[in-house]
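S.K.: Starting from the given sequences, assemble the full structure and let the hints guide the process.
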Amino acid sequence: MSKKEKRLKYAGKGGPKRAKLAKLSGGEGLWLFGVHAVNAALRNPERTCRRLVATEDRVKELDPALLARVKKVETSDRQGIDALLPPGTVHQGLALAVNPLPDRSFDDLKRSAFIKDRAVLVMLDQVTDRQNVGAVLRSAAAFAALGVIMQDRFAPPESGALAKAASGGLESVPLARVVNLSKALEELKAEGFVAIGLEATAETPLPELAPLPKKVVLVLGSEGEGMRQKQRETCSQLARLPMVTEGPVDSLNVSNAAAIALYEAGRS
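If you count the sequence shown from 1, position 31 lands on 57 in our numbering, and the numbers rise without skipping.
Because the hints were derived from the structure by calculation, they are not lab data. Wrong hints could be hidden among the right ones.
Keeping only pairs whose Cα atoms sit at most 27 Å apart, straight-line, the calculated DSS-like set for lysine-lysine is [stated by the list, open to error]:
(1) K256 / K209
(2) K86 / K97
(3) K98 / K142
(4) K86 / K136
(5) K215 / K142
(6) K256 / K98
(7) K240 / K142
(8) K256 / K241
(9) K241 / K209
(10) K241 / K136
(11) K256 / K240
(12) K98 / K241
(13) K215 / K240
(14) K142 / K86
(15) K241 / K215
(16) K209 / K136
(17) K86 / K98
(18) K256 / K97
(19) K215 / K256
Please read these numbers as outputs of a predicted model, since none were measured by experiment.
M.R.: In structure tokens, the structure reads:
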């Protein structure tokens with residue numbers, strides 16, 4: 027029996043009657059949960075994985091090579107995992123205690139873009155909801171965007187809920203926080219990017235800009251206020267997503283809008 031197998035056997039010993047699982051202390055990082063978020067974190071070499079708590083069935087589904095990255099593995103029933111996480115958390119039988127990811131700098135994104143022939147970035151202006159930010163990261167990963175840029179004072183902190191909404195995207199798409207979005211836009215334009223602001227009232231439908239430039243940053247504002255004036259003025263072009271019919275719905279959730287814009291950028 028390997029050391030890993032012994033550790034798993036010991037961790038699962040005693041079934042539902044074993045001692046109560048200890049919660050994380052303040053310095054132990056944060057919990058990620060859910061199948062996609064946990065698997066993506068285990069596969070990310072930049073992620074320090076401290077402790078995995080999972081049902082026995084879920085542990086059996088995980089690659090032993092990935093389990094070897096975790097400092098401590100414990101098995102529990104779902105109620106035990108429930109007790110570690112905020113009420114109502116949908117964890118799917120998996121919870122992983124991790125360190126926050128290293129900061130992804132805006133300069134790093136620019137350097138990555140410089141060596142690429144094509145690059146798509148997403149900039150979010152005053153989008154604070156972690157579910158929306160997570161969903162944008164998921165779409166960014168699906169359509170191979172280079173990164174997401176947010177203003178530091180509006181960006182939600184890294185959390186399990188954000189990671190679950192991102193469905194693995196948090197581990198693969200850099201999320202860079204900057205102080206000044208309009209300054210960041212100016213720097214990107216100086217590097218050859220075209221900044222396209224998405225706005226419901228813009229005259230030009232986004233598909234009419236096709237083919238989009240090889241290097242583009244898509245700028246989206248909050249659902250309530252949209253882009254702020256400074257960002258709007260700094261964009262190279264404003265565009266809207268055409269709605270098929272007129273009706274009671276005249277706008278889209280920001281994460282849905284980002285997904286459509288990323289698809290359009292990807293097919294250009």
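S.K.: Quick one: which hint numbers does this structure break? Sort them smallest to largest.
M.R.: 3, 4, 6, 12, 14, 18
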